[in-house]
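Produce the complete structure using the sequences and hints provided.
As numbered in our numbering, residues 1 to 252 make up the sequence shown, in order.
I should point out that these hints are in silico values taken from the structure, not numbers from a laboratory. Here the structure is a predicted model, which is why all the values come from computation and not from measurement. Glycine included, C-beta positions come from ideal geometry on N, C-alpha and C. No incorrect hints appear here.
Using C-beta positions, here's what the derived DEER-type ranges look like:
1. D206 <-> A117: 32 to 38 angstroms
2. W82 <-> A174: 29 to 35 angstroms
3. A118 <-> F153: 18 to 24 angstroms
4. L203 <-> V84: 18 to 24 angstroms
5. T231 <-> A118: 17 to 23 angstroms
6. L192 <-> E111: 21 to 27 angstroms
7. H166 <-> V84: 43 to 49 angstroms
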Amino acid sequence: MTPLDDLDPPTFQFGPEGRKDRKDPEGDAPSEDELEIPSFDEPVPGTPDEPGEDKARSGPIWQRLPFAKGETAQRVIVVIPWLVFAITIVAVGGELFMLSMIGLAVLGLRELFRMTAAYSPVEIPAYLAVAAMIVAAHYGTAFNIVLAFAAAFPVIFFFAARRPSHDNVTISLAVTFFAIAWLGLGFTHAVLLRDLPDHGGALLIDVLVATFVGDTAAYGAGRLFGSRKITPRISPNKTLEGLIGGFIGGTM
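Okay, here's the thing in structure tokens:
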């Protein structure tokens, strides 16, 4: 049996920085370099080198293009296909323009209903009403547009009455009719403008050019001088300086 005196337990000392050092009776303890302790700062194989790399790889395709590094370049890349689309449908006109207006109106209604989902708008009749108004603008007269708009009222009231709960039904109806009037009448007038004889397409191109110039001026003024936010909750990047720049650019 080993005598108790021969047992030499290791002693512990606390250095000046509060670190606990262990003295090895056989000699000095090996350093971290000798132990080859891996560094946690080094990237693990199979993982992205930068934290945002995965997000960039999974983003929209135009953000992954080698020349689309800045925000302005990405905006230009997005605008070009829409510009080609707008010029094409305006130049062709007819049923293609009408169907395109229906598609854009549906997208606008969907976005508006998403923003007002808390008020439970009556969505399906609203989609049908706006489509009917645009079709009436192309194939009919102003009377047919008003008729389609008026016919939406009893249909929407019927759908709202069949709901299991009528809580906030007044607000729901107000949001629905506002959406029909705002987007339906707007896209309806685009069809009426395009269908004007001789110069309808040119007038519509003028409207699109004015909109494009106004948006570009607003973006440039906001980037250069923007400091006062207008609606941080809805659009955090919109500034008062951008609004003034867009107004001046669109007017000129």
